Amino acid sequence: MNYLAIVGTNSEVSTNRMLLQFMQEHFKAAAQLELYEIKDLPAFYEAEDDQVPQEVEALSAKILQADGVIIATPEYDHAIPAVLKSALEWISYTSQALTDKPVLIVGASHGALGSSRAQAHLRQILDSPELAARIMPSSEFLLGKSQAAFNASGTLIYEDKLAELDEIFREFVLFTEIITKLLSEKAVIKKDKKFAWQTQKA
Amino acid sequence: MKFTAIIGTTSPKSYNRTLLQFMQAHFSDKAQIELLEINEVPMFNQDTPSNSPQLLEINDKIIASDGVIIATPEYNHSIPSSLKSLLEWLSFERHPLDGKPVMILGASIDAQGSSRAQLHLRQILDAPGVNAHVMPGYEFLLGNAHKAFDDKDQLNSEGTIDFLEICFLRFMRFAKISNQLNEEEDFSFKPGTYEVSSLGHGGALPLKVSFSKKKIESINIDTSGETEGLADVVFVRIPDKIIEGQTLNVDVLSGASETSNAVIDGVAKAVKLAGVNPDILKRRPKPASSLNRGDEEYTCDVVVIGGGGAGLSAAATVLQEGKSAIILEKYPAVGGNTIRTGGPINAADPEWQRSFQENPGERHTIEALLNTDENDIHQEYLADFKALKNEFATYQKHFGNDKGYLFDSPLLHRMQTYFGGKRTDLKGNNIYGQYDLVKILTDRALESVKWLEEIGVEYNKDIVFAPVGALWRRGHKPVKKYGTAFILALSKYIADMSGTIITDSPAKEFLIEDGEIKGVIATGVNGQTITIHAKAVVLASGGFGANTKMLKQYNTYWSNIADDVKTTNSYAMTGDGILLGQSVGAGLTGMGFTQMMPVADPNTGELFSGLQVPPENFVIVNKQGKRFINEFAGRDVLTKAVLAEGGLFYLIADDEIKKTAANTSQEKIDRQVEEGTLFRADTLEQLAVKVGMDPEVLVDTINKYNSYVEAGEDPEFHKDTFSLKVEKAPFYATPRQPAVHHTMGGLKIDTATRVLDENNQPIKNLYAAGEVAGGIHAGNRLGGNALADIFTFGRIAGKTAIEEMN
Numbered sequence: 001m002n003y004l005a006i007v008g009t010n011s012e013v014s015t016n017r018m019l020l021q022f023m024q025e026h027f028k029a030a031a032q033l034e035l036y037e038i039k040d041l042p043a044f045y046e047a048e049d050d051q052v053p054q055e056v057e058a059l060s061a062k063i064l065q066a067d068g069v070i071i072a073t074p075e076y077d078h079a080i081p082a083v084l085k086s087a088l089e090w091i092s093y094t095s096q097a098l099t100d101k102p103v104l105i106v107g108a109s110h111g112a113l114g115s116s117r118a119q120a121h122l123r124q125i126l127d128s129p130e131l132a133a134r135i136m137p138s139s140e141f142l143l144g145k146s147q148a149a150f151n152a153s154g155t156l157i158y159e160d161k162l163a164e165l166d167e168i169f170r171e172f173v174l175f176t177e178i179i180t181k182l183l184s185e186k187a188v189i190k191k192d193k194k195f196a197w198q199t200q201k202a
Numbered sequence: 001m002k003f004t005a006i007i008g009t010t011s012p013k014s015y016n017r018t019l020l021q022f023m024q025a026h027f028s029d030k031a032q033i034e035l036l037e038i039n040e041v042p043m044f045n046q047d048t049p050s051n052s053p054q055l056l057e058i059n060d061k062i063i064a065s066d067g068v069i070i071a072t073p074e075y076n077h078s079i080p081s082s083l084k085s086l087l088e089w090l091s092f093e094r095h096p097l098d099g100k101p102v103m104i105l106g107a108s109i110d111a112q113g114s115s116r117a118q119l120h121l122r123q124i125l126d127a128p129g130v131n132a133h134v135m136p137g138y139e140f141l142l143g144n145a146h147k148a149f150d151d152k153d154q155l156n157s158e159g160t161i162d163f164l165e166i167c168f169l170r171f172m173r174f175a176k177i178s179n180q181l182n183e184e185e186d187f188s189f190k191p192g193t194y195e196v197s198s199l200g201h202g203g204a205l206p207l208k209v210s211f212s213k214k215k216i217e218s219i220n221i222d223t224s225g226e227t228e229g230l231a232d233v234v235f236v237r238i239p240d241k242i243i244e245g246q247t248l249n250v251d252v253l254s255g256a257s258e259t260s261n262a263v264i265d266g267v268a269k270a271v272k273l274a275g276v277n278p279d280i281l282k283r284r285p286k287p288a289s290s291l292n293r294g295d296e297e298y299t300c301d302v303v304v305i306g307g308g309g310a311g312l313s314a315a316a317t318v319l320q321e322g323k324s325a326i327i328l329e330k331y332p333a334v335g336g337n338t339i340r341t342g343g344p345i346n347a348a349d350p351e352w353q354r355s356f357q358e359n360p361g362e363r364h365t366i367e368a369l370l371n372t373d374e375n376d377i378h379q380e381y382l383a384d385f386k387a388l389k390n391e392f393a394t395y396q397k398h399f400g401n402d403k404g405y406l407f408d409s410p411l412l413h414r415m416q417t418y419f420g421g422k423r424t425d426l427k428g429n430n431i432y433g434q435y436d437l438v439k440i441l442t443d444r445a446l447e448s449v450k451w452l453e454e455i456g457v458e459y460n461k462d463i464v465f466a467p468v469g470a471l472w473r474r475g476h477k478p479v480k481k482y483g484t485a486f487i488l489a490l491s492k493y494i495a496d497m498s499g500t501i502i503t504d505s506p507a508k509e510f511l512i513e514d515g516e517i518k519g520v521i522a523t524g525v526n527g528q529t530i531t532i533h534a535k536a537v538v539l540a541s542g543g544f545g546a547n548t549k550m551l552k553q554y555n556t557y558w559s560n561i562a563d564d565v566k567t568t569n570s571y572a573m574t575g576d577g578i579l580l581g582q583s584v585g586a587g588l589t590g591m592g593f594t595q596m597m598p599v600a601d602p603n604t605g606e607l608f609s610g611l612q613v614p615p616e617n618f619v620i621v622n623k624q625g626k627r628f629i630n631e632f633a634g635r636d637v638l639t640k641a642v643l644a645e646g647g648l649f650y651l652i653a654d655d656e657i658k659k660t661a662a663n664t665s666q667e668k669i670d671r672q673v674e675e676g677t678l679f680r681a682d683t684l685e686q687l688a689v690k691v692g693m694d695p696e697v698l699v700d701t702i703n704k705y706n707s708y709v710e711a712g713e714d715p716e717f718h719k720d721t722f723s724l725k726v727e728k729a730p731f732y733a734t735p736r737q738p739a740v741h742h743t744m745g746g747l748k749i750d751t752a753t754r755v756l757d758e759n760n761q762p763i764k765n766l767y768a769a770g771e772v773a774g775g776i777h778a779g780n781r782l783g784g785n786a787l788a789d790i791f792t793f794g795r796i797a798g799k800t801a802i803e804e805m806n
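Residue numbers (UniProt numbering), protein chains in the order written: chain A, 1 to 202; chain B, 1 to 806.
Honestly, the hints are just simulated from the structure, not real lab data. Do not take every clue at face value.
Stated by the list, open to error - Computed beta-carbon distance windows for the label pairs:
#	chain 1	residue 1	chain 2	residue 2	range
1	A	A112	B	E453	53 to 59 Å
2	A	E37	B	H26	44 to 50 Å
3	B	E758	A	P129	54 to 60 Å
4	A	A112	B	E758	55 to 61 Å
5	B	E758	A	K62	35 to 41 Å
6	A	A61	B	N292	46 to 52 Å
7	B	K668	A	D50	55 to 61 Å
8	A	Q65	B	Q32	50 to 56 Å
9	A	D40	B	D295	28 to 34 Å
10	A	N2	B	E40	37 to 43 Å
11	B	K552	A	Q65	22 to 28 Å
12	B	D295	A	D160	54 to 60 Å
13	B	A644	A	D160	35 to 41 Å
14	A	P129	B	I512	50 to 56 Å
Said to hold, decoys possible - Computed list of lysine to aspartate or glutamate pairs in DMTMM-like fashion (alpha-carbon distance at most 20 Å, straight line):
#	chain 1	residue 1	chain 2	residue 2
15	A	K28	B	D694
16	A	K39	B	D563
17	B	K549	A	E12
18	B	K640	B	D563
19	B	K13	A	D49
20	A	K39	B	E40
21	A	K161	B	E675
22	A	K145	B	E675
23	B	K552	A	E37
24	B	K552	A	D40
25	A	K161	B	E674
26	B	K690	A	E159
27	B	K13	A	E46
28	B	K13	B	E37
All values derive from a computational prediction rather than experimental measurement. From the three backbone atoms N, C-alpha and C, an ideal C-beta is built for every residue, glycine too.
Work the whole structure out from these sequences, hints included.
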């Protein structure tokens, strides 16, 4: 499997990035994870059709090529960071590349809660008709106390969390296969739906 | 009443804006509503300060208002990223929404009327960092917004207007009552002194806080457990601000938030012991000095950018000449990289060095150097090379086979700096130190040592040694802790001479008048503009070791610079001065060459974590557990080998080897093992598992190594000096990774430190000294030469600036 793993922050230091880096190494036998940084994307604006920033098009292309997407989100003020929301707005406004794409949500936080509320928001956001991702159900991976979670070589040292992650990732690979099969047998492909901003400005 | 209304989108056409404009006019007899745009607020990033002008304006207007109305569209079931970004800024360093009454409403083109975005917004506004008082109920959703307004942008449904009025009147009442919660409760302290303990960076932080009935009178902190540097600033700044404003609402220092919070928490504990709810003091406004955002203007003779060793010595020289100087430092404290120094300053001082005996092998070192083929020496250096030969011949003749004194001369220093700096990069470019600059460095370093002594630096003259990578024993060691000794003496001198140091204020651009540099414009600690008019500007802002992007952009020497490469430098070293110089056409030299310190902490870039033992004792292995190099290899040989192995490697030690570590204590070791930054196990096999190696491989490596120690010979990597075997449990593995240590390249300067443009013409009124300038160390800087550089060229910069303005 080829997955695109999106680091949900623009901060230089991030345990969500460390989590994805760990997953990249740890699961390399099962899947190839390409880490993607959103920090260089411009902040979302309503670009004209022919003037979509290159970085956005590059991201869309990567998503389209991947078998699935993994998003690691921190929690800022009970929600996902603006910079991650901005990246999703770009996708939703331009390519809608996440449509029907299998997505796994993970997240890390310095506190005990492990970005639980941000992840709940992210599920709702990805479930909006313009994004319409296939989010893996019942697969909450919350990494609390993340600053102490990795050793010097970047290995996740919480054994219970590691076991949980192993199982979730195994399921996600399976989920990706099942969704791919499901889509191949789907009768109606919802591609041509026009959304509000495509007809009117909000 | 006075409200601010935030338009929750950056879109130029928005029904949310129309709705707020309607409200502004419709309710003008009841309240004053000011609309705020968010289109120029940058994307939130926790690594940058909150100082965008529009953001500061929004912040101030919210604070001055009785309540806030937020109109949000709905993007993907949530609020727009632009609105979220604003709220993140408003919950980061500034918290204007704390306790502020807020009314939420929203418009959308579909039937939803932003219903789901509004729910998200409520949850976001309720987060502790935002802490707004959101009006419950009265949900105003404007669906089908494109049909809701007439051609004069008036709401066209009476029912909708009626409901909006009900919601707004309710909000006015809610705001009034909610604001009463913000009025301070009456309180009085139980007078006395209370002792508390808070958790600082280095462990327990004991504080003594004294109260009178109405005031916090004093805060005393026992700082013995903390490291010096930025923490020292925290221990003065935070208590000063708390007492000034009688508030616990004080800004933490960037780069030292943990220590800052420890002080604030400690005082809060004491407040509680004195019988008062600390929340009352946390809700008070920030001290007046933190709110002062009035622009500032100064005039002086010389403005120096950067408060490290180079900048402070430039400013001190200016003051000595009877002129005025201002130092702009972007960090809360002066010191720069200099304060992090762990070694002495190089200067050939033959008279003094004569009082020490030569060491075995030292004459061989010089002979080897003098045996260099003259064809391999650049023309400019040839005369000096020959002169050095004569000097040494005289020495040899004098001592013959007897033990002599420690030989040295500026010529030897010069030739060693030259040979030490000669390198070839990946593209085959050769580089070596520019003769005229190296000559000044080596001829005048001693003058710098003596000048510092006059300024107040005391040296320990009983010891002479070579710091790592110095090649020769000519280090002058201060009595006090290395970097601190220089910085303390210089800052005290500058204060005594009435020089001005402005901290927390990064220089942003030059002040240019009639095409000439006439000063600097900086951003102050509270976001204000600081304009400094000056006759000359000295750039002394350091290198770019902490700017990975720039390192990668220019690198031509290392096969690879990782995205997450660490640095031993202060995080302030982001190449600001180089960019400033480029903005006025300065030329650059040697930018592709940087020095890496191979044995740095992979997480922090620190040099002194883990177990640091002499090279004869440790065993270097790669991630697989195999040796790959002679442990005695020099800095850049080791770094190259390590990069080829993927970057990360381990220093293996046992219980006996551990005892030879000079940098640590059992307590520190235990803490690092617990934190997972140092690994310990009872067997080599278990140790291998802990760091992800194949146990068989590591055991095999160590068995072989031990046999080499016994034989006194290493057929694999030719290590020739051994001391201890690795045999006594517990065993240790210290993870290491090369970190950027010094950036040799920088602005082109001449011998008088004038900054040169691409055509080698001086740029008027601009000088540069220290790591910001290039040309001296070329491909590799000798240990101990950076200090010689900054104090020598720093002084020259001050002097030239004065001479040229007269």
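Evaluation of the provided hints:
Checked against the hint of 53 to 59 Å, the pair A:A112 and B:E453 passes, with Cβ atoms roughly 55 Å apart. The supplied range of 44 to 50 Å is met by A:E37 and B:H26, whose beta-carbon atoms lie about 46 Å from each other. Between B:E758 and A:P129, the C-beta spacing of about 56 Å keeps the proposed range 54 to 60 Å intact. One distance hint, 55 to 61 Å for the beta-carbon pair A:A112 and B:E758, holds here, with the actual separation near 56 Å.
Between B:E758 and A:K62 the beta carbons are some 39 Å apart, a value that agrees with the proposed interval 35 to 41 Å. The given range of 46 to 52 Å is respected by A:A61 and B:N292, whose C-beta atoms sit roughly 50 Å from each other. Against the hinted window of 55 to 61 Å, the Cβ-Cβ separation of B:K668 and A:D50 comes to about 60 Å, which satisfies the hint. For the hinted restraint 50 to 56 Å between A:Q65 and B:Q32, the CB-CB distance of approximately 54 Å keeps it satisfied.
Here the CB-CB span from A:D40 to B:D295 is close to 33 Å, well matched to the stated 28 to 34 Å. Separation of A:N2 from B:E40 is about 39 Å and conforms to the stated range, judged on CB atoms against 37 to 43 Å. Take B:K552 and A:Q65: their Cβ atoms lie about 26 Å apart, and the range 22 to 28 Å holds. The given range of 54 to 60 Å is respected by B:D295 and A:D160, whose C-beta atoms sit roughly 55 Å from each other.
Taking the beta carbon of each, B:A644 and A:D160 are about 37 Å apart, inside 35 to 41 Å as hinted. Separated by about 54 Å at the C-beta atoms, A:P129 and B:I512 satisfy the suggested range of 50 to 56 Å. Our distance criterion of 20 Å between C-alpha atoms is met by A:K28 and B:D694, whose separation comes to about 18 Å. Between A:K39 and B:D563 the alpha-carbon distance is near 13 Å, which keeps this suggested pair within the 20 Å criterion.
Restraint check: the Cα-Cα separation between B:K549 and A:E12 comes to about 12 Å, which is no more than 20 Å; the hinted pair holds. For the hint linking B:K640 to B:D563, the alpha-carbon distance of about 17 Å falls within 20 Å, and the restraint holds. Of the supplied pair hints, the one linking B:K13 and A:D49 holds, its CA atoms being roughly 17 Å apart against a limit of 20 Å. For the hint pairing A:K39 with B:E40, the CA-to-CA distance comes to about 18 Å; that is within 20 Å, so the pair holds.
About 17 Å separates the Cα atoms of A:K161 and B:E675, which keeps this hinted pair within 20 Å; it holds. For a cut-off of 20 Å, the pair hint linking A:K145 to B:E675 stands: about 12 Å separates their Cα positions. A distance of roughly 17 Å separates the Cα atoms of B:K552 and A:E37; the hinted pair therefore holds under the 20 Å criterion. The straight-line distance between the Cα atoms of B:K552 and A:D40 is roughly 16 Å, inside the 20 Å bound, and the hint therefore holds.
Taken as a hint, the A:K161 and B:E674 pair is honoured in the structure, with Cα atoms around 18 Å apart against an allowance of 20 Å. The straight-line distance between the Cα atoms of B:K690 and A:E159 is roughly 13 Å, inside the 20 Å bound, and the hint therefore holds. Pair hint B:K13 plus A:E46 holds up; C-alpha atoms about 10 Å apart against a cutoff of 20 Å. Taking the CA atoms of B:K13 and B:E37, the gap is about 12 Å. The hint holds against a cut of 20 Å.
Comparing the model with each numbered hint stated earlier shows that all of them hold.
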